[in-house]
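S.K.: This is what each chain is made of:
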Amino acid sequence: MTGFRLGTGGRIDRSRVLNFTFDGTRYSGHPGDTLASALIANGVRIMGRSFKYHRPRSVWSAWFDDPNAIFNIRLGDVHRPNCPAATTLLEDGMHARAVNSFPSAARDIKSVLDLGHRFLSAGFYYKMFMWPDWHLFEPTIRKMAGLGALEGGPLEDSHSTQRFDHCDLLVVGGGVAGLQAAATAAEAGQSVVLVDDHAELGGKAWQSPTVDGHPVADWIAEQTKRISAAGGRILTRTTAFGIYDHAMVGLCTEHGFCEQPSLTRMRPEKLIMATGALDRPLTFAQNDVPGVMSLDGAAEFAGRYGVAVGRRACVIADHGLAEQQISTLRDEGLDIDVVEPKDALPKAMGRRAVTGLQVGPHHFTCDTVLTSAGLMPIVHLWRHAGGKLDWDSNAQAFVPAAGPAWITAIGAAAGTFDLDDALAEATAVATGAARPRRKADYCARPRPAVLGTSQRQWIDFQHDVTLKDVELAARENYVSVEHLKRYTTLGMASDQGKTSNVAGLSAMAALQGKEIPEVGTTTFRPPFVPVPLELYRGHHRGELFHPLKRLCLEPQHRAADAAMGEYGGWLRPGWYGGGDADQAAAREVRMARTTAGIFDASPLGKIEVMGPDAEKFVNFIYYNTVATLKPGHIRYGFMLTESGAVYDDGVIARLDENRFVVSCSSSHVDGVVSLLENWRQDGNDPDRIFVHDTTQNWPTVTVTGPKARDIVATLNLGIDLSPEQFKHMQFRAGQFQGAPVRVARVSFTGDVSFEMSCPVAQAAALWGATIEAGAPMSAGAIGLEALSILRAEKGFLIIGKDTDGETMPHDLGFGIPRLKKKAAFVGDRGLQTQKANETNRRQLVGLAVPEGAAMLPCGAHLVSGSGETRRSVGFVTSSYDSPTLNRPIALALLSQGLATEGNAIDVYHLGEKRRARVVPTCQFDPEGERLNA
Amino acid sequence: MRDDRSNWTPIRKHEAQIDGHGVKVGQISAEHQVLISGPTVCAAFPDSFGWPDIAAGPFYTLFVRRDRVLLVGAAHSEPEGWHSETGRAVSDATGAYEVFEVSGKNARSVLDQGGELHAPSNSVARLLFGFGVFLYRYESEDRYRIHVARAHGQALWQSLEGACNAVDAP
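Sequences listed follow chains A and B, in order. Residue 148 in the working numbering sits at position 148 of the first sequence, with consecutive numbering throughout. Residue 1005 in the working numbering sits at position 5 of the second sequence, with consecutive numbering throughout.
Simulated from the structure, these hints should not be mistaken for lab results. Don't take each hint at face value.
Sample of chain A residues at the chain B side, in silico, Cβ under 7 Å [said to hold, decoys possible]:
id, residue
1, Thr-328
2, Pro-547
3, Gly-565
Heads up, incomplete: computed chain B residues facing chain A, CB under 10 Å, no partners named [to be verified]:
id, residue
4, Asp-1004
5, His-1021
6, Glu-1080
7, Tyr-1097
8, Glu-1116
9, Ser-1121
10, Ser-1140
Bear in mind that the values here come from a model prediction, so they are computed numbers and not experimental data. Glycine is no exception: its CB is placed at the ideal position from the N, C-alpha and C atoms.
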């Protein structure tokens, strides 16, 4: 293909020159060029290498359907891999390199692979490289696979602006039909947004001098003015890349090579798909030689970019619009022979460039072969939305058929290829009128594949899939379109089969003696064209990627030099005073056991359940019986999943006859609220049960330890704190600085504990007063690390750490409700299954190590047997060095654990074997004297 | 366990403001916020404001769902708890939600980055920047109030900051 720049024409700005390099060689172009058009203008033929055989490739077409010219591009500090040359606008200073080639596309050392093509046909990797071991070959093959390369570090500061938007009518495609529809609809009062992926509107209009009797530029300007004057919006360089659930359309807008694209999530009431049509490649011998390209692509290069793709062309195209395009190209100066192969199989001559076309006994000298087996409507968005396709045998193409009511196809996208017909259709559809009959008759001549030849005929240019590969697939019985695709990799490259799908179906249809539609199509999924991954880096980045919940007392914790970390979705103090975590935690544990620890328990759930059916409801939700709970009392309980596994453990307090407060674990509040709301509406009367999540209305300050009562007493809450009046698992209401305070005697540490919940406005004062009261008694703040140890000493579990997804309450020693609770509850059925009653279930136990031994690793396996018969019977779930007991402690889930107390057990971890003894989970104050003090 | 405190921006002060790019954002103090639920609560508060209504006055109720309103700016006559005579559940939520105000000619453009404001629901409840919020207009078309669970207040603030900075982006 000896392309060259035409003297006039095109939408480029010839007054300015842009310089760039391709594979190290300098070239120049103009604003408005793509890299592909600029290279053709410079006479460059070879712009890429095919994936498998590294055959030389030039562009097939002028826009997104080109599968061949893919570049890694650098501009300044910005590197982008895998940029399609045909859709990347040229900018001054670009350095482009063809992917999959070294040292250049023109001279690729791996082109020798083509010599071995007989051994590298479809599916070769299922049959070769098996001996002695596939894994020997795998690294090399993986290195050779793939396109493009990442250069430089991550783009830390880059992100895309993301917006939600809405309109009455979204028109996709700014060609003639789309412009007409958008203008008509806007003037009819609809809020219209028109999107087009080119920088300049017009679609294929630039291939002709006039539209509807007017110069193209004038006609387009007029429609644009109509749209804007009526309040419509036009977004250029914007691709509608996908339709998602509930009519959401993804729009990607480019802003320049060095700028981030922006994402718009558009929700239109209606959508008009005016996306146009592509040339379907003709399948013939050597149809991949550089210089074989799309007839429409050649017309587009001439009309939009002012570039002639060659000097002397042969054209094989037999459809209704070909004559017009041939005429346009002749007017631009191309010398054209129109060739009719009849039954002969054409063959492109040349290897690095077309030198001629052989058709039977006839040889045509040319440097370019332009082909089209017909126009294919671009129907991807239609299919994303669930629309069906019909095979139009006149057009030899799939066209939109039945589809969702909110989306309509017009113009070439609907199979309306005549310009006048498209204008009439666009006007009618935009106003909701009936679609007029087409006046012009478009048809394409069927050209079935010529099978069984020795010549290589390309179906998929990117993945080097030939007709022989399709024949091979058929011989091996991979005849369904899904198998054909995956066995041959046809349509699986970055072009996703835009140019290969129909050719592949046509070949398989010929092989099976079927019609094309009988073979079927594969699924079209978004994105329609590749979109940059950066598009999805919006505001959910950095701290906002997974934002943690924040405590209202965080300023106080930071002031006290707390080390903060994530605990259950919250940013909480791990330990105080900085320094080593283990030492700080040990210090805080000793303080809590000796005097008292003060910690921020604000994340604990405070979910109110109210209503006349509240009692029945919570009794249904909980595994334990709650109906008998008296006002002012608190009960520990489990919430189960429907399959009987423990979902959450926590406490529930009864405030009065119809009012409960569910205090579930901190990390599960949102899940428990959902669970309560779901069950409230399922099998219950939602007008008699109400769930209010007031967790964040009540910050909680907890004091735990032997001095807890003394500290709380100094706060003058107006509550009798004596053990006789305020027993463990009771609830009282008081006042702090004139505001209400709720005090629960609940303990997670095994020592006397008071959880004081007050309004947000008093939280800082309550915290400060408590800390001040504790200081003279050598009590102080403790963090989550210390709390984890304190609770483990008492054998209190943490859901998800000491339970796995199958642990049931009787595995934890809580078996009575399963046997005795009569009222229905969530998970009951699951507890009665065979699996629930197996004798070898994993049960929660404690583990002790020999004196002087180190603590067990968390996650270590408990094993039985040895050698070949060794198997895991459980694992360590929690493990700490206990400062209270001066020895290691651990909790574990162990098969039949409750029956093996006192037994020794082997522990295995990363090749090391150790010994432990099964002990009760509670290692601190098993009689509960301190708890009930 | 790691000390991650430096990975998280400390919570901003209550009086922090964003002012620029045609938008102002600040936090306001709601003297009272009360959740009231019940099967007839919407009928009992017929003047509740939903979306896209414009609320006004020192106190008002917001339509959250078919059986729930949020009373803003005034205490409710019924104390907290279940009231069988009216069939209402009442909970104080004054500290449960932080309230932000976003105003100015670009206020809508800021919020458009966080969620679909054209959603058909009449409820003030929606997602904004991934957080469950109550969103409504207050006293004018370009003045919005957002109630968000207090623990998400800092993250929502940072989200609004980012959106304000991006409001002029192409």
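S.K.: Honestly, which of those hints from before does the structure not fit?
M.R.: 1, 5, 9, 10
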